[in-house]
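Undergrad: What follows is each chain in one-letter form.
Protein chains: 2
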Amino acid sequence: MTNAPLSHAGEAEVALETIREAASRLAGVAVRTPLLCDTPLDRLVGGRLLLKVEPLQRTGSFKFRGAYNAIAQSAKSTVVAWSSGNHAQGVALAAALLGRRAIIVMPADAPRIKIDRTRAFGAEVVLYDRVRESREAVGTRIALETAAEIVAPYDDPRVIAGQGTVGLEIVEQARAAGRVPDLVFVPCGGGGLVAGCATALKGLLPRVRVFSVEPEGHDDTARSLAAGERLANPPGVRSFCDALLAPEPGRLTFAINRRLLAGGLVVSDAEVRRAMRLAFSELKLVLEPGGAVALAAVLSGRVDCRGRTVAVVLSGGNVDPEPFARLLLEPADPG
Amino acid sequence: MTNAPLSHAGEAEVALETIREAASRLAGVAVRTPLLCDTPLDRLVGGRLLLKVEPLQRTGSFKFRGAYNAIAQSAKSTVVAWSSGNHAQGVALAAALLGRRAIIVMPADAPRIKIDRTRAFGAEVVLYDRVRESREAVGTRIALETAAEIVAPYDDPRVIAGQGTVGLEIVEQARAAGRVPDLVFVPCGGGGLVAGCATALKGLLPRVRVFSVEPEGHDDTARSLAAGERLANPPGVRSFCDALLAPEPGRLTFAINRRLLAGGLVVSDAEVRRAMRLAFSELKLVLEPGGAVALAAVLSGRVDCRGRTVAVVLSGGNVDPEPFARLLLEPADPG
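Protein chains in written order, with the working numbering: chain A, 2 to 336; chain B, 2 to 336.
Think of the hints as simulated: they come from the structure by calculation, not from any bench.
One thing to keep in mind: the hints can contain errors.
Partial selection, computed: residues in chain A whose CB lies under 7 Å from chain B [what the hints assert, rightly or not]: (1) Gly123; (2) Phe281; (3) Gly318; (4) Pro322; (5) Leu329; (6) Leu330.
Covered stretches of chain A (in silico footprint by chain B; criterion: 3 or more residues with CB under 8 Å from a CB of chain B, positions within the stretch not fixed) [said to hold, decoys possible]: (7) 30-37; (8) 57-63; (9) 160-170.
As the structure is a computational prediction, the values presented were derived from the model and not from experiment.
Beta carbons: idealized from backbone N, C-alpha and C, even for Gly.
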């Protein structure tokens, strides 16, 4: 298969069956991450939390799933991606495992650790000048020169189907534990993870309510869901949640999310920081800011979870030691 | 059943079958913690690591398993234990789940968070003066007054059998992943966890080699194994690994460990700190010092793991934010 067309018909390309096929490709390759239940956080929300732990996924985030599912279906010997974070690592490892050459376009001023880690997975890193060049332009030129496949971070049905295996596993693992989720909360940047999860979850449990969760300042999906059309974020707004900085919802992901989501929630930096501290102390897990937004939404009481069975996706844990240490040293809040 | 006698015949009371019975009691109550494989740490040791993640266990350490297995077999309505750490929390939660009254004897100067957390699990905390009183004397008096069962931290066959379910799960989960461990490394304080694990592991895989791992200054099991008799630690030595401060090997645990272990290893504080930092950055897991000693032994190359399949028990994650933050802010070592 060559590049999947990103047509308006794209939505039909991601179905429960597509996600099951992705799960078959990922079996024995991706980690079937645990779904934690009966944690001390249940008492804080008054409900039964089911926590899907993607920081334990290979490369430290869910991104490996979609990258592997896409590259496994590509006939190209070279893949190109642009990302300064989790998608870069997911593509780099997936390409290495599948015997493909990976070229990742990263900003020259990206944290050294992210560049080093992407290289450590075997990828070639091409640095660009964030001020003078466009990463899309650099990446597209390289893809043309090398006859490579571009692996998009979210707006690709193969990527969405790969991320959807998170939702499939939530249903299977909840069932094995004798539980059925009423509500599901999923972090949202470009919307690939929540679109895939919602497709799997609504396909298996039609009455479940799935919510996207975004950080303040990057609430494009929440506003777009409310408006019924894709709205962009104001340019130049930074966020503590560096993994969730997509400029606007994807065309394909928004078409899915608009149809399947119960709503879009937004959390503050302070709520995210509290969720990260509680994950440290009560779950013994390292969450990155973007990986903690769904937990933050649940802990902040945005939706009443009392008496409900509530699945929460913890989507990644790639955070540097220094900012994490500073977070731990902040005075604890009364909550 | 009343207090199990700690006779020389005690060793015969912990067998593979006893551990299977413990596993039945714990099914659906304890977390079947994940066994991680294919982590980035494989490259550092040149072998295939299988990491058993007990920080994700209820109360944040393996101690819940043994406590629950012991209390479930007791006919007494009240249980008493003394501990300033993980055993206290394990007993408190297990007693609450089994509808028993729990009285935990803790030093008056114990960290407030540990006292609060033990109370939060529903236990009554009795504080004693560490200088003027003996916790054993205080606890024994309370047990007599309340006709309670004393739940020992390690030298009890029911506790050892409960901890042994960690070893049972390692074999089952490794098998499901198509792997068979050659070497297994287990943290060791009083020796209950490693004795139980070794009983399960050697019972199912007679050729596996199981090692205890202790911190410097508290290497009583390593020295006792070498001497062929139980030797105590010098009094008054403190350790970074606050969960592993037993004064000497248990009578029952040592009888088992002497027969089944391939050896006892000792790691330095610096090696433990490096293991904790790597668990943070590569595994996204919070380990307490005592929970990281087995990983430290493997990462330091104490035993050649190249080309081997190596199971490592990460036994707990109950560490306070401040010392963990200080650890993250230390300059990274060249390793």
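Undergrad: State whether the coverage of the segment 30-37 of chain A by chain B holds or is violated, taking the criterion as 3 or more residues with Cβ-Cβ distances under 8 Å.
TA: This one holds; 4 residues, not fewer than the three required, reach chain B with a Cβ under 8 Å.
Undergrad: Is the interface hint for Leu330/A satisfied, with its Cβ closer than 7 Å to some Cβ of chain B?
TA: OK, holds: Leu330/A within 7 Å of chain B, min 5 Å.
Undergrad: Under the criterion of a CB-CB separation shorter than 7 Å, is Pro322/A in contact with chain B as hinted?
TA: Result: holds, 4 Å to nearest chain B Cβ.
Undergrad: Count the residues of the segment 160-170 of chain A whose CB lies closer than 8 Å to any CB of chain B, then report whether that count reaches three.
TA: violated (count 0)
Undergrad: Can you tell me if the segment 57-63 of chain A counts as covered by chain B, using C-beta to C-beta distances under 8 Å and a minimum of three residues?
TA: Held - the segment 57-63 of chain A has 3 residues with a Cβ nearer than 8 Å to chain B, which meets the minimum of three.
Undergrad: Does the CB of Gly123/A sit less than 7 Å away from some CB of chain B?
TA: Given a least distance of 11 Å, the restraint on Gly123/A is violated.
Undergrad: Is the shortest C-beta separation between Phe281/A and chain B less than 7 Å?
TA: 6 Å, holds
Undergrad: Min Cβ distance, Leu329/A to chain B: is it shorter than 7 Å?
TA: Holds: closest Cβ of chain B sits about 4 Å from Leu329/A, inside 7 Å.
Undergrad: With a cut-off of 7 Å, does the beta carbon of Gly318/A approach a beta carbon of chain B closely enough for the hint to hold?
TA: 3 Å, holds
Comparing the model with each earlier hint shows violations of hints 1 and 9; every other hint is respected.
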